[in-house]
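Colleague: Protein chains in written order, with the working numbering: chain A, 1 to 103; chain B, 1 to 255.
Be careful, since some hints might not be right.
As the list claims (entries may be wrong) - Cross-link-like lysine to any residue pairs, in silico, SDA-like; alpha carbons within 25 Å at most:
#1 B:K213 to A:Y8
#2 A:K34 to B:F204
#3 B:K213 to A:A69
#4 A:K39 to B:Y57
#5 B:K34 to A:Y8
#6 A:K39 to B:K124
#7 A:K39 to B:V212
#8 A:K39 to A:L24
#9 B:K124 to B:W2
#10 A:K39 to A:I29
#11 B:K181 to A:F77
#12 A:K39 to B:S35
#13 A:K39 to B:P122
#14 B:K181 to A:Y19
#15 A:K34 to B:Y57
#16 B:K213 to A:G16
#17 B:K93 to A:Y19
#18 B:K213 to B:M1
#19 B:K124 to B:L104
#20 B:K34 to A:I38
#21 B:K181 to B:W2
#22 B:K181 to B:P230
#23 B:K93 to A:A69
#24 B:K181 to A:P56
As the list claims (entries may be wrong) - Part of the chain A face toward chain B, derived, beta carbon under 8 Å:
#25 R22
#26 V23
#27 G31
#28 E32
#29 K39
#30 M53
#31 P56
#32 I66
#33 G84
#34 V88
#35 F102
#36 I103
Simulated from the structure, these hints should not be mistaken for laboratory data.
Every value quoted in this text rests on a predicted model; they were computed, and no experiment measured them.
From the three backbone atoms N, C-alpha and C, an ideal C-beta is built for every residue, glycine too.
Listed here are the chains, written in short residue letters.
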Amino acid sequence: MMKEHNIYVYMLIMAGVTYLIRVLPLTLIRGEIKNRFIKSFLYYVPYVTLAVMTFPAITQATGSPISGAVAFVAAIFLAWFGAGLFPVSVISCIVVFVIEFFI
Amino acid sequence: MWSNRQAFRNGNRDGIPIALGYFAVAFTLGIAAKSAGFTALQAAIVSLTNLASAGQYAGFTMVRDGASYVEMAIMILVTNARYMLMSSALSQKFDPQTPFWHRLLVGYSVTDEVFGICIGVPGKLNPLYPYGAMLLTVPGWTLGTYFGVVMGNVLPARVVSALSVALYGMFIAIIIPPARKSRVILGLVSVSMVLSALLTYVHFFDFIPSGVKVILLTVVIATAAALLFPVTEDPYSAVRGEGSEDDKAKGVSAS
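For reference, chain A alone in the conformation it holds in the complex (with noise of 0.2 Å):
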């Protein structure tokens, strides 16, 4: 082995892993699936992973976690009654901006 690592190696370790990873389950599963609890659970997946990744990450992706929690609260309330995806992202944003003056 060598001693020294060559960055290159460390950029396709990298980049083949994390490729991998994404490709084989949606070129090995080609059809739908009829199994009702694997299809239950794959339906359930993506409400339980966004939301474990939004919260609490988003106060403590800003400069405070006051601005953070203000802008997740302002986020449900814009997206339950009916704003898209970017209105929401963009006031979140916004929010952030502005509260943080005050602290």
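Chain A is fixed; fit chain B onto it per the hints.
Modeller: Coordinates of chain B only, in the frame set by chain A:
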């Protein structure tokens, strides 16, 4: 299913906020890459070939620490394993007739965000939709990294802070409309957030890498939900198809 043109255009539209958020996040990632000894071009290539925030960050740290190649491979596998779940879920959104090469290409684009908007598409997924989004998100991510290395801290911290919630705002816009229509999903989203907070704030769990926490919670909660509330024939119609025209006109399922 959307026509090709429609799908591509909608992908463009929904890709804009993602690309903006990506640029900001990738910018900070570029700073991490620089400290690990990457040139701007190398860091940009890593971003172009990985499209993975946590995975790349972990990878940069491994390079900085001179980890072995095997350690690197395992670290990438662990931090990115959630994409395996997402790809599996996404495989069910494909028309079974979708050509193989589309799967190879869409597979490349499965990020948290692009996966999120793909799941929000009513009915089956036209691959042109993620392509339309990728056209903006991939350059946003790659260029953000490049400029992060080159310009370091030139973007005011306040702006980076504001932009970094763009992605979370989008996640919320994806999960809230179905949660409003289905009590099960509403409960599921609430439980997920509470347990996620628990695993984040209780120091006992600090030894678990954050990527692994996401997988653990997803598998446990989604399994419980699948056992308690098994879905009927076509689950997606339950929260999307039955929506009124009024609901379709706004937000995620706009066409």
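Colleague: It remains to establish, for every hint, whether it holds in the given structure.
Modeller: Hints, verified against the model:
The suggested pairing of K213 (chain B) with Y8 (chain A) is violated, with an alpha-carbon distance near 30 Å, which exceeds 25 Å. Taken as a hint, the K34 (chain A) and F204 (chain B) pair is broken in the structure, with Cα atoms around 39 Å apart against an allowance of 25 Å. For the proposed pair K213 (chain B) and A69 (chain A), the alpha carbon gap of about 21 Å is at most 25 Å, so the pair holds. At most 25 Å may separate the alpha-carbon atoms for a hinted pair to count; K39 (chain A) and Y57 (chain B) exceed this at roughly 33 Å.
For the suggested pair K34 (chain B) and Y8 (chain A), the alpha carbons sit about 15 Å apart, so the restraint of at most 25 Å is met. In summary, the hint linking K39 (chain A) to K124 (chain B) is supported, as the alpha carbons are separated by about 15 Å, within the 25 Å threshold. About 23 Å separates the Cα atoms of K39 (chain A) and V212 (chain B), which keeps this hinted pair within 25 Å; it holds. About 18 Å separates the Cα atoms of K39 (chain A) and L24 (chain A), which keeps this hinted pair within 25 Å; it holds.
Pair hint K124 (chain B) plus W2 (chain B) holds up; C-alpha atoms about 9 Å apart against a cutoff of 25 Å. Restraint check for K39 (chain A) and I29 (chain A): the C-alpha separation of about 12 Å stays at or below 25 Å, so the hint holds. With a CA separation close to 15 Å, the supplied pair K181 (chain B) and F77 (chain A) stays within the 25 Å bound. Straight-line distance between C-alpha atoms of K39 (chain A) and S35 (chain B) comes to about 44 Å, which puts the hinted pair past the 25 Å bound.
Simply put, K39 (chain A) and P122 (chain B) have alpha-carbon atoms about 17 Å apart, close enough for the 25 Å limit, and the pair holds. Distance hint between K181 (chain B) and Y19 (chain A) is unfulfilled; the C-alpha atoms sit about 35 Å from each other, more than 25 Å. For a cut-off of 25 Å, the pair hint linking K34 (chain A) to Y57 (chain B) is broken: about 38 Å separates their Cα positions. Taking the CA atoms of K213 (chain B) and G16 (chain A), the gap is about 23 Å. The hint holds against a cut of 25 Å.
Restraint check for K93 (chain B) and Y19 (chain A): satisfied, since their Cα atoms lie roughly 19 Å apart, inside the 25 Å limit. About 35 Å separates the Cα atoms of K213 (chain B) and M1 (chain B), which puts this hinted pair outside 25 Å; it is violated. Between K124 (chain B) and L104 (chain B) the CA atoms are separated by roughly 17 Å; this keeps the pair inside 25 Å, and the hint holds. Annotation: proposed proximity of K34 (chain B) to I38 (chain A) is violated, straight-line Cα distance about 43 Å (limit 25 Å).
Under the criterion of a C-alpha separation no larger than 25 Å, the hint pairing K181 (chain B) with W2 (chain B) is consistent with the structure, at around 23 Å. Restraint check for K181 (chain B) and P230 (chain B): the C-alpha separation of about 17 Å stays at or below 25 Å, so the hint holds. About 33 Å separates the Cα atoms of K93 (chain B) and A69 (chain A), which puts this hinted pair outside 25 Å; it is violated. Of the pairs offered as hints, the one joining K181 (chain B) and P56 (chain A) holds, with about 24 Å between alpha carbons and a cut-off of 25 Å not exceeded.
The interface hint given for R22 (chain A) is met, as the beta carbon of that residue sits about 5 Å from the closest beta carbon of chain B, less than 8 Å. For the restraint placing V23 (chain A) at the interface with chain B, the shortest Cβ-Cβ distance is roughly 3 Å, inside the 8 Å limit, so the hint holds. Restraint check, G31 (chain A) versus chain B: the minimum CB separation of about 5 Å is within 8 Å; hint holds. Nearest Cβ of chain B to the Cβ of E32 (chain A): about 6 Å, under the 8 Å cut. The hint holds.
Taking 8 Å as the C-beta contact cut-off toward chain B, the hint placing K39 (chain A) at the interface holds, the least distance being around 6 Å. Interface restraint check: M53 (chain A) against chain B, minimum CB-CB distance 6 Å, threshold 8 Å, status holds. Contact between P56 (chain A) and chain B, as hinted, is supported at the beta carbon level, the nearest pair being about 5 Å apart and thus within 8 Å. Proximity of I66 (chain A) to chain B is violated relative to the hint, the smallest CB-CB distance being about 12 Å (cut-off 8 Å).
At a threshold of 8 Å, the smallest CB-CB gap from G84 (chain A) to chain B is about 4 Å, leaving the interface hint in force. Hint status for V88 (chain A) relative to chain B: holds, with the closest Cβ pair at about 4 Å, below 8 Å. Interface restraint check: F102 (chain A) against chain B, minimum CB-CB distance 12 Å, threshold 8 Å, status violated. Among the interface hints, the one on I103 (chain A) is violated; its C-beta lies about 11 Å from the nearest C-beta in chain B, farther than the 8 Å criterion.
Of the numbered hints given earlier, the model fails hints 1, 2, 4, 12, 14, 15, 18, 20, 23, 32, 35 and 36; all others are met.
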